[in-house]
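Chemist: Each chain is listed here by its residues.
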Amino acid sequence: MENRIKNVMAAVFEISVEEINDQTSPDSVENWDSINLMNLVVALEEEFDMQFDDEEISEMLNFKLIKEVISQKIK
Amino acid sequence: MVVNICYNIMENLKYFEIIKLNNQLKESLSSDPYQVTVLSNITINSLKEILEFSLRKEGINANVEFGDYDNIVQDSLKFTSSKLVIIFWETCNLTDGLHFKIDSLNDKEFNELLEKTKLEIDLVLRNLQNTQLVLFNKFTATSFASHSVNDNRLEVLASKLNEFLATLSFKNVKLINIEKSLINTGLENSIDYRYYYSSKALYTVNFFKTYTRSILPFTMAANGKAKKALIFDCDNTLWKGILGEDGTDGIQMASDSKYGKIFNEIQSIALELNKKGILLGLCSKNNPEDVQTVIDSHPDMLIKDENITIKKVNWLDKATNLKEIAKELNIGLNSIVFVDDSSFEINLIKETLPEISVLQVPERLYEYPQMLRSNLNLFYNLSQTDEDLNKVNMYKEQVERKNFEKSFNNIEDYLTSLQLNVTIQKNNSEIIPRTSQLTQKTNQFNLTTKRYTETDIQSFIDSGETLIYTFSVADKFGDNGITGLCIVITDKLSNSAKIDSFLMSCRVIGRNIELAFMDFLVDDLRKMNIQILYSSYIKTLKNVQVEKFYDKLQFNILNINEMKTEYFLEIDKYNSTNLKYIDIKY
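Top to bottom, those sequences are chains A and B.
Note that the numbering used here has the first sequence beginning at 1, numbered continuously upward.
Note that the numbering used here has the second sequence beginning at 1, numbered continuously upward.
Because the hints were derived from the structure by calculation, they are not lab data.
Hints should not be assumed to be uniformly reliable.
Claimed, not checked - DSSO-like mimics (lysine-lysine), calculated; alpha carbons at most 27 angstroms apart, straight line:
(1) Lys118/B <-> Lys67/A
(2) Lys108/B <-> Lys174/B
(3) Lys323/B <-> Lys64/A
(4) Lys304/B <-> Lys323/B
(5) Lys64/A <-> Lys20/B
(6) Lys580/B <-> Lys75/A
(7) Lys118/B <-> Lys73/A
(8) Lys200/B <-> Lys73/A
(9) Lys20/B <-> Lys73/A
(10) Lys323/B <-> Lys258/B
(11) Lys174/B <-> Lys118/B
Since the structure is predicted, the reported quantities are computational estimates derived from the model, not experimental observations.
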């Protein structure tokens, strides 16, 4: 699951998979703006075949938190 | 498999894959940027990556930017220098929350809204008059449509606005029927109300994938990338059946015959394109005289000589022929669409000439007309002029004038990629019916055209002096079954042998299988101590393509007359062709 999230994030933010760690967030990624956040959400929803609600989206503040949101939903 | 060249590639990609590929394409394209501006009153950001990708994939170096949210009127003055402006004006958000507030408007207010919007449309389009191309979505209210008998007021508003759009006549403005994208994607897959309520984003990624299909033909045409020529194979592509096997009377394309009606429709579609200036051509492995006879005198053949700009009917490989077609017509390979029924030919062109768009006749024949029709967009021309209509004749003269050299084509690489393998069997009495059938049905690649019954074959096997070689041909796409036969009569006393029959089904010609088989045969005979091998070619109306077969293999001529050539070969002097790309199993 981690790798699938990383692949999506790497494509959306135009960064390499290796750069991504738990702390990766809008502060460390130049392209992480509101439009790309929406792209990320759409792409993750498609990749994991799930839908996020507003609250979940607002929790997606860095890679670690994104992992948590998704793993909660998979359970 | 329907090869739907432009579209399916994207529909199978996930959104993040599109983003990734789009970034890669951006780096690889060096042509001038094609500036696209999208003006909208809703949020449609995910259109950017998808539209850019679909255009860049066609070599158009698109750069998509958005105007400010709900600023269509103001922005129509700002982006006039863009090459393309797309107006994405959503009925439900003409004013904030209109999709439900419209019900509380009285008639006067409703009319005021309608008139105000008309004035805005007119203003926007006048502001953009000098922009090269403006694509304007027709209004739709389907996403908030009523499911009751009567249209709701949003639907009424949308249709009144569309009536108004139809009265406008700006030359640079084309209307996009967005309803078609909704139908093709399905409403449920097109709309995501969640994002509409949170951020005024109504449409899904899936919708935009379909929507860009309606944008693409216009941009292709604006960039000079519209297709110019439609080239057909003949057998099972323009008519049902194989001319070389079934004969002029056996092929079908009549509107009242079971399969013929499909081909009648195909020919009609082609003729309609021809009227619009699209060039028609033939590229087929057949005897040219046979095809000419069909064109000249088959009562059901709709496409006539005057419609056909170029004909490559011969036994050369199709990649070479299509290259020559492009050269003679003086158009790019990327202007050509080629239709064929054979996976072999389709894949050959895909791999050796990827610029050419290929369409494969579907296995389910009834899907064929719709498949062709759904690809007609490829030929879309922004303005149909008299010159287009004359173009057909213009090109024709050009072809007649031009002389050109045959160019060498490296087909070996392609054949290697096929992983061809030939399985040879000797005197297998289990396949006597198929063996006999091959002698009776094969006309084109058949050196002597001797017909044998099952009893004949059985007695050959029983004689102990006759060798019946049969072979099947397989490649990475599948097995063609038993498609080749060679009957050799040996004479142990004189240490000689004679090839009585050698034939191959037309399904497997063009792969040099015959050469690999001859290597095997000579080797096998050598082991039996045979020193001289005799053979002959007997001319028929249908086997001209193998007339020089033994000459090419450097057999010596023993005797020659108009109908028959006899040859002999000293086994020790045989030069093996040694084809690396055909694997022989015995």
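Chemist: Hints broken by the structure, by number, lowest first?
Modeler: 1, 2, 3, 6, 7, 10
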